[in-house]
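**Q** Okay, here's what each chain looks like letter by letter:
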Amino acid sequence: MKETTKVALAGNPNVGKTVIFNELTGSKQHVGNWPGVTVEKKVGNFSHKDEEIEVVDLPGTYSLSPYSIDERIARDYIIEEKPDAVVNIVDASNIERNLYLTLQLLEAGANVVVALNMMDEAQKKGMKIDVKKLSEILKAPVIPMVGIKGEGVKELKNAIYEEVKHRREHRHMSMGYGRELEKGIISLEEEMARCPALKKYRHRWLAIKILEGDAEAIKKVSEAGCDDLIKEAKRLRKQFGRKLDEDMETYFADKRYEFVDDILGVVLIKGKKLWSFSDMLDKVLTHKVFGIPIFLAMMWAAFQFTFSVAVPFMDAIDLFFGWLGDIARVSITNPAIQSLVADGIIGGLGSVLIFLPNIFLLFFVLSLMEDSGYLARAAFVMDKAMYRIGLQGKSFVPMLLGFGCNVPAIMATRTIEDRKERLITILVNPLMSCSARLPVYILFAGAFFIGAEGSVIFSMYLMGILLAVLMALLLRKVFFKGKPSPLIMEMPPYRMPTFKSSAIHMWEKGSMFLKKAGSIIFLGVVIIWFLSTYPGGPGSDIETSYVAAIGRWVQPIFAPLGWDWKAAIALVFGFVAKEIVVGAYGTFYGISDADEGSTSLRSELHGAFTPVSAYAYMAFVLIYVPCLATIGVIKSETGSWKWTLFAVAYMMGLAYLVALVITVVGHLLGFA
Amino acid sequence: MSEKIRLIGIYSAIIGSIYILYGMLEIIAWAAGELRFPLSPSPDIFAGFILVVIGSILLYRVRDLLSMRYEGLSFFFVALILSAIIGIMYLLIMGADLLDATIIGEPWAFDSAAYNLPAIVLFILLLPGWLIIRKREEFGE
Amino acid sequence: MTRLAELKSGKKARIVHMGVKGPAGQRYREMGMICGEKVEIVRVAPLGDPMEIEVKGYNLSLRKEEAELIIVEVMK
Numbered sequence: 001m002k003e004t005t006k007v008a009l010a011g012n013p014n015v016g017k018t019v020i021f022n023e024l025t026g027s028k029q030h031v032g033n034w035p036g037v038t039v040e041k042k043v044g045n046f047s048h049k050d051e052e053i054e055v056v057d058l059p060g061t062y063s064l065s066p067y068s069i070d071e072r073i074a075r076d077y078i079i080e081e082k083p084d085a086v087v088n089i090v091d092a093s094n095i096e097r098n099l100y101l102t103l104q105l106l107e108a109g110a111n112v113v114v115a116l117n118m119m120d121e122a123q124k125k126g127m128k129i130d131v132k133k134l135s136e137i138l139k140a141p142v143i144p145m146v147g148i149k150g151e152g153v154k155e156l157k158n159a160i161y162e163e164v165k166h167r168r169e170h171r172h173m174s175m176g177y178g179r180e181l182e183k184g185i186i187s188l189e190e191e192m193a194r195c196p197a198l199k200k201y202r203h204r205w206l207a208i209k210i211l212e213g214d215a216e217a218i219k220k221v222s223e224a225g226c227d228d229l230i231k232e233a234k235r236l237r238k239q240f241g242r243k244l245d246e247d248m249e250t251y252f253a254d255k256r257y258e259f260v261d262d263i264l265g266v267v268l269i270k271g272k273k274l275w276s277f278s279d280m281l282d283k284v285l286t287h288k289v290f291g292i293p294i295f296l297a298m299m300w301a302a303f304q305f306t307f308s309v310a311v312p313f314m315d316a317i318d319l320f321f322g323w324l325g326d327i328a329r330v331s332i333t334n335p336a337i338q339s340l341v342a343d344g345i346i347g348g349l350g351s352v353l354i355f356l357p358n359i360f361l362l363f364f365v366l367s368l369m370e371d372s373g374y375l376a377r378a379a380f381v382m383d384k385a386m387y388r389i390g391l392q393g394k395s396f397v398p399m400l401l402g403f404g405c406n407v408p409a410i411m412a413t414r415t416i417e418d419r420k421e422r423l424i425t426i427l428v429n430p431l432m433s434c435s436a437r438l439p440v441y442i443l444f445a446g447a448f449f450i451g452a453e454g455s456v457i458f459s460m461y462l463m464g465i466l467l468a469v470l471m472a473l474l475l476r477k478v479f480f481k482g483k484p485s486p487l488i489m490e491m492p493p494y495r496m497p498t499f500k501s502s503a504i505h506m507w508e509k510g511s512m513f514l515k516k517a518g519s520i521i522f523l524g525v526v527i528i529w530f531l532s533t534y535p536g537g538p539g540s541d542i543e544t545s546y547v548a549a550i551g552r553w554v555q556p557i558f559a560p561l562g563w564d565w566k567a568a569i570a571l572v573f574g575f576v577a578k579e580i581v582v583g584a585y586g587t588f589y590g591i592s593d594a595d596e597g598s599t600s601l602r603s604e605l606h607g608a609f610t611p612v613s614a615y616a617y618m619a620f621v622l623i624y625v626p627c628l629a630t631i632g633v634i635k636s637e638t639g640s641w642k643w644t645l646f647a648v649a650y651m652m653g654l655a656y657l658v659a660l661v662i663t664v665v666g667h668l669l670g671f672a
Numbered sequence: 001m002s003e004k005i006r007l008i009g010i011y012s013a014i015i016g017s018i019y020i021l022y023g024m025l026e027i028i029a030w031a032a033g034e035l036r037f038p039l040s041p042s043p044d045i046f047a048g049f050i051l052v053v054i055g056s057i058l059l060y061r062v063r064d065l066l067s068m069r070y071e072g073l074s075f076f077f078v079a080l081i082l083s084a085i086i087g088i089m090y091l092l093i094m095g096a097d098l099l100d101a102t103i104i105g106e107p108w109a110f111d112s113a114a115y116n117l118p119a120i121v122l123f124i125l126l127l128p129g130w131l132i133i134r135k136r137e138e139f140g141e
Numbered sequence: 001m002t003r004l005a006e007l008k009s010g011k012k013a014r015i016v017h018m019g020v021k022g023p024a025g026q027r028y029r030e031m032g033m034i035c036g037e038k039v040e041i042v043r044v045a046p047l048g049d050p051m052e053i054e055v056k057g058y059n060l061s062l063r064k065e066e067a068e069l070i071i072v073e074v075m076k
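Chains as they are written, first to last, in our numbering: chain A, 1 to 672; chain B, 1 to 141; chain C, 1 to 76.
No lab work stands behind these hints, which were simulated from the structure alone.
All C-beta atoms, glycine included, are put in the ideal place defined by N, C-alpha and C.
Heads up, some of the hints might be wrong.
Said to hold, decoys possible - Stretch-level coverage of chain C by chain A, calculated; a stretch enters the list once three of its residues show a Cβ under 8 angstroms from a Cβ in chain A:
1) 14–27
2) 30–36
3) 45–58
4) 62–74
Stated by the list, open to error - With a straight-line Cα cutoff of 25 angstroms, these simulated PhoX-like cross-link-like pairs (lysine-lysine) come out:
5) Lys283(A) <-> Lys11(C)
6) Lys38(C) <-> Lys272(A)
7) Lys219(A) <-> Lys200(A)
8) Lys481(A) <-> Lys38(C)
9) Lys243(A) <-> Lys21(C)
10) Lys125(A) <-> Lys64(C)
11) Lys477(A) <-> Lys21(C)
12) Lys220(A) <-> Lys38(C)
13) Lys272(A) <-> Lys8(C)
14) Lys124(A) <-> Lys38(C)
15) Lys183(A) <-> Lys234(A)
16) Lys420(A) <-> Lys21(C)
17) Lys165(A) <-> Lys6(A)
18) Lys199(A) <-> Lys231(A)
19) Lys231(A) <-> Lys21(C)
20) Lys255(A) <-> Lys288(A)
21) Lys500(A) <-> Lys28(A)
22) Lys219(A) <-> Lys183(A)
23) Lys283(A) <-> Lys64(C)
24) Lys38(C) <-> Lys283(A)
25) Lys270(A) <-> Lys124(A)
26) Lys477(A) <-> Lys384(A)
27) Lys8(C) <-> Lys283(A)
28) Lys38(C) <-> Lys255(A)
29) Lys183(A) <-> Lys243(A)
30) Lys132(A) <-> Lys154(A)
31) Lys238(A) <-> Lys21(C)
32) Lys8(C) <-> Lys288(A)
Unchecked claim - If you want a taste of the chain A side facing chain B, the calculated C-beta under 7 angstroms gives, among others:
33) Met280
34) Phe305
35) Ser308
36) Ala316
Take the sequences, apply the hints, and build the full model.
**A** Structure follows, in structure tokens:
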């Protein structure tokens with residue numbers, strides 16, 4: 001059996017890579033993670049003539065000197081896995097910077113097929129590119145394309161096919177770095193020949209990389225046990241650095257761009273600069289006065305859309321699982337199995353799937369914002385405010401979305417490249433008060449703060465924001481020392497997003513949630529079902545269950561706050577989902593159909609809480625773990641149990657601390 | 001061509017003023033609690049704020065348009081896009097509620113407060129503006 | 001000699017010295033911010049930071065903190 005033919009898609013961000021990936025593979029694709037990290041790996045395949053070709057969509061990358069995790073993955077794949085061909089997608093309207101990566105790919109010895117995408121935009125800009133000549137210079141096929149219209153896809157498939165079928169090694173263009181430096185490169189190459197462990201890499205590329213001082217390349221060489229090589233490279237670096245009076249890495253970057261200039265001098269006729277539609281939009285969307293209000297309006301609309309349009313679908317899921325549960329209750333007679341199936345398993349599945357409508361819609365909207373280019377503007381507009389608390393512009397959108405639901409909000413942090421900034425954003429996100437916590441506030445504010453409900457509830461939201469800011473600052477100080485990484489963000493031109501790619505994106509995120517976080521949530525719900533049903537068995541009084549035992553057991557901890565064991569149990573239930581807190585109280589006081597507006601429930605609460613302890617309770621509900629689903633998604637997004645447990649622990653501790661402060665200060669001020 | 005720009009100026013001045021008026025009314029209705037206005041602006045401070053923003057963008061460069069300068073068109077275009085986003089959003093929410101009522105089996109009625117009628121009507125009134133965007137090539141300098 | 005951060009929007013300049021060090025400096029260079037390159041200030045964000053510039057025919061945004069380290073000569 002022959003090995004599968006592998007082709008990688010590489011290119012700068014915002015060049016329409018995903019669109020071309022979708023065009024090539026159609027629906028035959030699946031999404032996973034790259035091993036060890038939470039960066040998406042998309043693989044698909046297509047067959048052309050007699051060849052079955054597997055396509056890997058690499059994360060967008062500007063250069064083969066990695067700057068982020070995404071970029072390291074892209075580079076490692078090209079260098080280590082050595083795909084049979086690398087399709088380098090180049091934005092023709094931005095060819096100057098895009099060719100920088102092309103040159104590096106050629107240098108690394110990849111079998112490059114250049115897909116010159118967005119030819120229509122280049123044409124609009126008045127640019128004329130001599131495709132044939134470019135192909136001659138690069139000694140690689142160049143296929144002009146308009147990805148979103150599907151133009152050039154057939155030709156690209158042909159070119160890939162030809163490339164993998166009739167591969168000719170080492171025929172690609174090679175660029176020189178000046179006679180002096182070339183001597184150094186050649187001497188390193190000769191030295192390298194004595195290192196069999198480095199045989200799989202193209203020697204010239206590796207020599208250039210260690211001359212550039214690339215940390216990972218140096219690591220590769222030293223792992224291969226060729227320390228002489230590193231010493232020699234160091235000596236050469238010093239020698240040339242003195243001679244050229246600049247860093248080697250600067251020299252190489254300059255040379256490559258010089259080379260790009262030379263190529264473009266032959267193949268490109270530049271257009272006259274036009275006042276583009278993109279410029280017109282930007283003038284208003286990042287306007288001094290209107291920029292921020294427009295951003296807030298956009299976010300508000302995204303928010304309303306996501307959480308209002310999801311309602312019928314969530315209700316349908318709810319009804320469906322309710323119906324399924326009823327069927328199980330009717331058809332299974334053994335009470336233990338009946339409860340396990342109806343309440344445990346079906347209930348657990350329901351509580352996972354109920355999040356899907358929100359996740360689908362949110363990622364549909366986010367994908368529209370990203371593909372249209374607006375997300376970069378949003379980050380641009382909000383960057384300064386977020387930088388003050390040790391984050392960056394892209395952290396703002398997930399924080400805002402947290403007010404709706406923390407689960408998709410945490411998933412939305414994937415747009416943040418820097419790992420530290422992303423972790424901080426994930427860790428403080430649960431402090432944004434999600435919509436499920438509102439019923440608890442309404443119940444307690446309605447019972448204890450009549451006439452001031454609005455202000456009391458608003459103070460909860462404010463407290464959440466304040467704590468998030470403080471925690472972000474604290475996390476920066478203690479765990480993630482240093483400043484946010486410098487901002488180096490491309491502002492792509494505005495483009496019309498397509499329904500197709502947003503829909504695919506939405507589908508991927510949804511299935512990712514099901515696969516990754518779904519199992520954790522499901523397991524959690526089944527465990528809680530067990531604890532609240534046994535040892536008494538189904539139908540027994542909840543006060544005899546393990547949950548009640550846990551509640552009584554932890555109650556002394558809450559005694560200083562003035563809460564009884566019922567309050568403690570409700571908090572245990574609230575671990576699953578906040579809306580259950582209200583229902584749990586209904587069960588305790590034997591009030592059927594209790595909701596947050598129920599007056600009988602409110603009067604019962606007067607026996608258990610004082611205004612101070614009620615306010616402290618509300619604060620506790622705000623801060624301690626939002627729900628099992630959030631924990632599940634923190635695990636799947638950080639990829640680490642350590643940070644997940646840390647998140648749970650810090651939120652519990654903070655919740656207790658804040659509640660205690662409220663109680664103490666409340667008593668000192670003379671409130672009961 | 002330039003005459004057309006003056007027309008766009010007048011058009012955006014009128015619609016912009018209505019946007020601001022209704023946005024203000026919604027904010028006042030929200031702040032005053034029980035107060036209600038005719039033609040049902042919903043008491044919603046956020047929605048009101050957004051209507052005011054759209055209106056201000058429409059009015060901001062009206063002077064440019066009236067004196068037939070192209071720069072003002074940027075503001076007109078962005079207002080069009082925002083108006084469409086907000087209008088379509090309310091229509092979608094309305095559709096979702098209708099669907100929800102069918103699923104739960106409850107009767108559904110048009111609730112002008114929840115669906116922000118002014119935002120929908122103004123979006124429709126601005127629709128002719130899209131014809132201008134479609135011919136945007138004409139505006140390239 | 002001026003710092004890039006001091007320029008108002010609409011100004012054009014040529015990079016004379018790239019003072020940003022380390023991996024970020026390397027990345028700026030790879031994004032086209034090399035000595036002798038022409039840049040144009042497109043705009044500054046509503047809150048006064050970051051700024052957006054045009055370089056190599058595309059738009060890039062960076063914070064003033066880094067722009068302080070980039071020395072340019074203003075072009076007419």
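**Q** Does the structure keep Lys8(C) and Lys288(A) at a Cα separation of 25 angstroms or less?
**A** Since the Cα atoms of Lys8(C) and Lys288(A) sit roughly 14 angstroms apart, the hinted pair holds (cutoff 25 angstroms).
**Q** Please verify whether Lys420(A) and Lys21(C) have alpha carbons no more than 25 angstroms apart.
**A** OK: Lys420(A) and Lys21(C) at ~20 angstroms, within 25 angstroms.
**Q** Compare the distance between the alpha carbons of Lys38(C) and Lys255(A) with 25 angstroms, and conclude whether the hinted pair is satisfied.
**A** Given pair Lys38(C), Lys255(A) holds - Cα atoms ~17 angstroms apart, limit 25 angstroms.
**Q** Are there three or more residues in the segment 62–74 of chain C whose C-beta lies closer than 8 angstroms to some C-beta of chain A?
**A** Contact hint for the segment 62–74 of chain C vs chain A: holds, 4 residues under 8 angstroms.
**Q** Regarding the pair Lys272(A) and Lys8(C), is the alpha-carbon distance no greater than 25 angstroms?
**A** holds (24 angstroms)
**Q** Check whether the Cα positions of Lys283(A) and Lys11(C) lie no farther apart than 25 angstroms.
**A** holds (16 angstroms)
**Q** Does Lys183(A) sit within 25 angstroms of Lys219(A), going by the straight-line distance between their CA atoms?
**A** Answer holds: Lys219(A) to Lys183(A) is near 23 angstroms, not above 25 angstroms.
**Q** Holds or violated: Lys124(A) and Lys38(C), Cα atoms, limit 25 angstroms.
**A** Satisfied, since the Cα-Cα distance of roughly 23 angstroms is no more than 25 angstroms.
**Q** Taking a Cβ-Cβ distance under 8 angstroms as contact, does the segment 45–58 of chain C have three or more residues in contact with chain A?
**A** Holds: 10 residues of the segment 45–58 of chain C have a Cβ under 8 angstroms from chain A.
**Q** Under the criterion that the straight-line Cα-Cα distance not exceed 25 angstroms, is the pair Lys199(A), Lys231(A) satisfied?
**A** At roughly 19 angstroms apart (the allowed maximum being 25 angstroms), Lys231(A) and Lys199(A) satisfy the hint.
**Q** Between Lys238(A) and Lys21(C), does the CA-CA distance stay at or below 25 angstroms?
**A** holds (17 angstroms)
**Q** Please verify whether Lys165(A) and Lys6(A) have alpha carbons no more than 25 angstroms apart.
**A** holds (12 angstroms)
Violated hints, in rising order: 8, 10, 12 and 20; the structure is consistent with all others.
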